[in-house]
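**Q** Using the sequences and the hints, build the whole thing.
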Amino acid sequence: MKILVPVRRVPNPDIKVRLKSDGSGVDTEGVNFLVNPFDEYAIEEAVQIVEKSGGEVVLVSIGTADCEETLRAGLALGALRGWLVETSEVLDSAAIADVLAAVYKEESPDLVITGKQSVDTDNNQAAQMLAAKLDLPQACFAFKVELGDGKATVEREIDGGLDVKEITLPAVITADLRLNQPRYAALPQIMKAKRKEVKKVSLGDLGVEAKSATKILGLSQPPARAAGQIVGSVEELVDKLVNDAKVL
Amino acid sequence: MSDDIKKGGSFLVEEATPESIFVPENFSSEQLMYAKTARDFIENEVIEKNDEIEEKNFEVSKALMAKAGELGLLMADVPEEYGGMGLDKASSALITESMSGQGSFSVIYGAHVGIATLPIVYYGTEEQKEKYLPGLADGTKIGAYCLTETGAGSDALAARTKAVLSEDGKYYILNGSKQFITNGGLAFSYIVFAKIDGEKFTAFILDRDTEGLKIGPEEHKMGIRGSSTTTVILEDAKVPVENVLGEVGQGHKIAFNVLNIGRFKLGAGSVGANKVCMQSALEYAMERKQFGKPISDFGMIREKLAEMYVRTYAAESAVYRTVGMIDTLALSAETSQAKINSIEEYSIECAIVKVLASEALDFVTDEYVQILGGYGFCSEYAAEKNYRDARINRIFEGTNEVNRLLIPAMLLRKGMKGELPLFQAATALQEELMGIPSFDLDEDLDLLAAEKKIVANLKKICLFVAGVAAQKFGTNLADQQMVLSRLADIAIKAYAAESTLVRALKDAANRGEEGAALPLAVARIYCENAIADCEKYAREALAGIEEGDALATMLAALRRLMRRTPANTLAARETIAAKLIQMERIVY
Ligand SMILES: Cc1cc2nc3c(=O)[nH]c(=O)nc-3n(C[C@H](O)[C@H](O)[C@H](O)COP(=O)(O)OP(=O)(O)OC[C@H]3O[C@@H](n4cnc5c(N)ncnc54)[C@H](O)[C@@H]3O)c2cc1C
Numbered sequence: 001m002k003i004l005v006p007v008r009r010v011p012n013p014d015i016k017v018r019l020k021s022d023g024s025g026v027d028t029e030g031v032n033f034l035v036n037p038f039d040e041y042a043i044e045e046a047v048q049i050v051e052k053s054g055g056e057v058v059l060v061s062i063g064t065a066d067c068e069e070t071l072r073a074g075l076a077l078g079a080l081r082g083w084l085v086e087t088s089e090v091l092d093s094a095a096i097a098d099v100l101a102a103v104y105k106e107e108s109p110d111l112v113i114t115g116k117q118s119v120d121t122d123n124n125q126a127a128q129m130l131a132a133k134l135d136l137p138q139a140c141f142a143f144k145v146e147l148g149d150g151k152a153t154v155e156r157e158i159d160g161g162l163d164v165k166e167i168t169l170p171a172v173i174t175a176d177l178r179l180n181q182p183r184y185a186a187l188p189q190i191m192k193a194k195r196k197e198v199k200k201v202s203l204g205d206l207g208v209e210a211k212s213a214t215k216i217l218g219l220s221q222p223p224a225r226a227a228g229q230i231v232g233s234v235e236e237l238v239d240k241l242v243n244d245a246k247v248l
Numbered sequence: 249m250s251d252d253i254k255k256g257g258s259f260l261v262e263e264a265t266p267e268s269i270f271v272p273e274n275f276s277s278e279q280l281m282y283a284k285t286a287r288d289f290i291e292n293e294v295i296e297k298n299d300e301i302e303e304k305n306f307e308v309s310k311a312l313m314a315k316a317g318e319l320g321l322l323m324a325d326v327p328e329e330y331g332g333m334g335l336d337k338a339s340s341a342l343i344t345e346s347m348s349g350q351g352s353f354s355v356i357y358g359a360h361v362g363i364a365t366l367p368i369v370y371y372g373t374e375e376q377k378e379k380y381l382p383g384l385a386d387g388t389k390i391g392a393y394c395l396t397e398t399g400a401g402s403d404a405l406a407a408r409t410k411a412v413l414s415e416d417g418k419y420y421i422l423n424g425s426k427q428f429i430t431n432g433g434l435a436f437s438y439i440v441f442a443k444i445d446g447e448k449f450t451a452f453i454l455d456r457d458t459e460g461l462k463i464g465p466e467e468h469k470m471g472i473r474g475s476s477t478t479t480v481i482l483e484d485a486k487v488p489v490e491n492v493l494g495e496v497g498q499g500h501k502i503a504f505n506v507l508n509i510g511r512f513k514l515g516a517g518s519v520g521a522n523k524v525c526m527q528s529a530l531e532y533a534m535e536r537k538q539f540g541k542p543i544s545d546f547g548m549i550r551e552k553l554a555e556m557y558v559r560t561y562a563a564e565s566a567v568y569r570t571v572g573m574i575d576t577l578a579l580s581a582e583t584s585q586a587k588i589n590s591i592e593e594y595s596i597e598c599a600i601v602k603v604l605a606s607e608a609l610d611f612v613t614d615e616y617v618q619i620l621g622g623y624g625f626c627s628e629y630a631a632e633k634n635y636r637d638a639r640i641n642r643i644f645e646g647t648n649e650v651n652r653l654l655i656p657a658m659l660l661r662k663g664m665k666g667e668l669p670l671f672q673a674a675t676a677l678q679e680e681l682m683g684i685p686s687f688d689l690d691e692d693l694d695l696l697a698a699e700k701k702i703v704a705n706l707k708k709i710c711l712f713v714a715g716v717a718a719q720k721f722g723t724n725l726a727d728q729q730m731v732l733s734r735l736a737d738i739a740i741k742a743y744a745a746e747s748t749l750v751r752a753l754k755d756a757a758n759r760g761e762e763g764a765a766l767p768l769a770v771a772r773i774y775c776e777n778a779i780a781d782c783e784k785y786a787r788e789a790l791a792g793i794e795e796g797d798a799l800a801t802m803l804a805a806l807r808r809l810m811r812r813t814p815a816n817t818l819a820a821r822e823t824i825a826a827k828l829i830q831m832e833r834i835v836y
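Protein sequence lines correspond, in order, to chains A and B.
Residue numbers for the first sequence follow the numbering used here, beginning at 1 and rising by one.
Residue numbers for the second sequence follow the numbering used here, beginning at 249 and rising by one.
I should point out that these hints are in silico values taken from the structure, not numbers from a laboratory.
Treat the hints with care, since some could be wrong.
As the list claims (entries may be wrong) - Heads up, simulated DSSO-like pairs for lysine-lysine below, C-alpha to C-alpha not over 27 Å straight-line:
| id | chain 1 | residue 1 | chain 2 | residue 2 |
| --- | --- | --- | --- | --- |
| 1 | A | 192 | B | 377 |
| 2 | B | 379 | A | 192 |
| 3 | A | 16 | B | 827 |
| 4 | B | 633 | B | 315 |
| 5 | A | 199 | B | 284 |
| 6 | A | 196 | B | 315 |
**A** This is how it looks when you write it as structure tokens:
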């Protein structure tokens with residue numbers, strides 16, 4: 001089975017996000033970049049499937065040349081090879097889906113597994129859009145994936161319980177946090193990843209335009225949360241909501 | 249030797265350039281990934297088991313070592329043929345740095361990959377390597393190193409453990425007792441030093457199940473309580489002759505060379521522990537409010553944060569500069585003997601970084617406790633444990649006193665042998681200092697020009713005092729420990745100041761002055777502190793050597809090396825503290 005896994009380069013999520021003073025973007029001074037954590041779950045799932053029943057895991061990353069580092073970090077987790085689609089443009093989810101669809105057509109994988117969202121923009125859209133563009137079945141927020149003959153049974157966590165979907169392959173699945181426990185990159189694997197094949201292509205090479213339909217006008221820090229209050233009774237609460245907060 | 253290969257100790261007579269030194273900013277993306285795996289492993293797996301480790305639940309520690317082995321974290325120094333990765337020393341040091349954070353585990357790990365594994369890597373026979381290295385590299389078999397005895401601590405060669413060849417010539421029979429053996433209670437293989445027939449100092453490899461090998465009870469310790477420290481008792485222990493490690497009578501070479509590596513690794517580990525402590529201290533300082541504001545608003549707390557940062561940066565710069573030199577020389581070495589020599593070559597620098605980094609760690613952990621006030625004194629907070637755990641680093645791998653003695657002793661030896669032009673440099677310097685001062689008014693406007701001058705002068709101070717001491721005491725200088733320790737301190741500061749300065753300049757060349765604001769501030773502070781400290785060391789040493797007019801002339805000469813307008817180090821400290829607080833974490 002061939003599984004395609006997109007990986008995104010994101011700022012270390014453990015570091016508090018700081019904006020540039022003009023609000024034009026995130027201040028990346030002193031920030032290190034990592035594989036999007038949700039993508040690590042996707043890679044882990046794909047690698048486990050391949051370890052069990054054979055095949056290969058192919059990664060794809062879209063962005064500047066720096067993304068090669070991110071790809072190699074992903075390759076160190078057990079993927080076989082990767083695509084680096086180089087572009088300096090900031091792409092929105094729909095444009096990313098266009099690029100992924102183009103790579104999909106080159107690779108014809110049996111399955112695409114993605115992280116459910118990337119922790120920088122938190123859009124949670126590209127995978128769904130990809131499935132739509134390719135007219136493939138999709139199962140998002142997977143908590144368990146069971147592969148059968150030409151199909152996959154996916155358990156998804158939803159509010160209030162589990163939803164089980166059976167989808168025919170090829171399909172798009174997105175990984176949620178409880179899907180598995182991603183492995184650490186073992187040092188010998190990191191060394192091997194250095195020599196794995198990374199195919200570098202431009203948008204032109206893939207024949208996609210990938211124009212973003214949305215534009216980021218500006219970014220701002222959320223306002224600092226005001227201190228909360230503890231109220232003594234329901235009456236007091238209602239009174240405060242009506243008279244102080246004026247929301248009722 | 250090619251151009252970029254430096255001689256050990258040559259830092260005193262040669263100027264380092266940004267191109268010539270290795271700095272942490274040079275790490276490749278693979279090396280940074282190795283570090284990330286190590287750090288993630290410590291944070292997610294090891295710290296998690298802190299309490300069990302501290303209770304000496306060795307099964308837990310063994311399992312963690314096996315897990316570390318699976319991840320390749322024990323493979324750096326073992327060649328690929330024997331199940332390792334054969335990485336360079338820069339990678340190896342960075343992995344060691346990143347494996348710090350739980351003191352007891354760091355020591356279990358450090359002794360294993362260092363003193364317990366390296367003797368076999370460098371001196372083992374083919375059979376010994378095949379038998380022991382794969383298990384050491386994958387963590388299934390833990391190692392220990394047994395040099396110290398009750399009567400032979402710093403004076404390791406005074407060992408009384410004896411080996412006698414059995415009548416059939418197949419075994420050595422060992423008798424004696426080894427003291428303070430790290431991993432004693434969990435090891436599978438023990439490197440044991442003993443004197444054959446009471447004379448020929450020789451290393452042996454013993455298996456845990458060797459007949460006559462007994463492990464004594466655990467020591468109760470101030471820190472690193474979760475590490476195993478025991479006696480290893482040998483009562484007619486039967487060791488097959490194939491288990492002699494290296495040549496008979498050459499055990500001292502193994503013991504000392506392995507310690508050289510142990511020393512820079514200890515330096516790297518200390519730097520790692522410093523970073524962990526600083527981050528935690530910074531977070532606490534920003535969180536804790538007194539007098540209506542976070543204590544990180546107070547100048548004295550800001551100064552502590554800055555000073556912790558300065559000393560860590562200086563130690564880190566010196567550690568990786570040293571490691572880089574070793575790698576450059578080792579790269580040119582073809583035989584394993586030549587590789588060993590590449591480490592021996594830098595024994596002065598290894599001793600320097602051991603002292604420098606272990607004392608930086610003591611400073612940092614002490615200020616960490618202080619920033620936490622009463623909470624720092626209570627076991628509920630990590631500071632208390634870090635403070636206790638740090639203390640061992642000034643004692644093992646050669647006490648800091650022993651390492652201080654080694655620095656001038658090895659420098660002078662290299663000078664005598666003509667390996668380093670120290671005496672020529674000292675003579676030239678005396679002429680310069682006794683001559684008419686040149687008032688160089690052509691003011692140098694380069695970045696950190698004043699600090700460059702300070703570094704040059706620190707080296708001159710070292711040569712000057714060494715020259716005076718050598719002239720006065722000749723071969724009896726070895727008995728003048730109070731002079732020697734000051735010489736060592738001046739050499740340490742000179743090396744650290746230069747490593748810091750050149751690293752900062754290299755960084756500024758890449759990121760610009762604004763981008764490298766912190767490193768530049770560190771260089772200003774470190775250099776000014778170093779020369780102020782060295783002035784005191786030098787004056788004391790000279791006053792201890794000479795008197796009357798001779799002393800007056802020397803002090804006048806010394807003053808010429810001290811002339812400077814001090815940098816505004818208070819502002820530089822504020823720059824550092826403000827940035828760390830703004831970023832809420834340790835950045836460079
Ligand atoms: C937790 C722990 C783990 C250890 N692990 C190991 C291990 O795995 N393997 C191993 O072989 N050893 C190990 N050691 C032993 C350690 O290396 C020695 O403790 C150390 O070398 C000092 O020896 P000593 O304790 O006998 O002190 P001493 O040598 O008695 O020193 C006492 C004091 O005198 C000073 N001193 C000694 N000689 C001189 C001199 N010539 N000039 C000036 N001052 C001097 C010392 O610096 C020190 O301050 C360990 C020790 C500890 C505490």
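**Q** Confirm or reject each hint.
**A** Now the hints, each set against the structure:
Among the hinted pairs, residue 192 of chain A with residue 377 of chain B is consistent with the structure: their alpha-carbon atoms are about 24 Å apart, no more than 27 Å. Note on residue 379 of chain B and residue 192 of chain A: the hinted pairing holds, with a Cα-Cα distance of about 26 Å set against a maximum of 27 Å. Our distance criterion of 27 Å between C-alpha atoms is met by residue 16 of chain A and residue 827 of chain B, whose separation comes to about 14 Å. Only pairs whose Cα atoms come within 27 Å are accepted, and residue 633 of chain B paired with residue 315 of chain B is accepted, the gap being roughly 24 Å.
With a CA separation close to 25 Å, the supplied pair residue 199 of chain A and residue 284 of chain B stays within the 27 Å bound. The suggested pairing of residue 196 of chain A with residue 315 of chain B holds, with an alpha-carbon distance near 25 Å, which does not exceed 27 Å.
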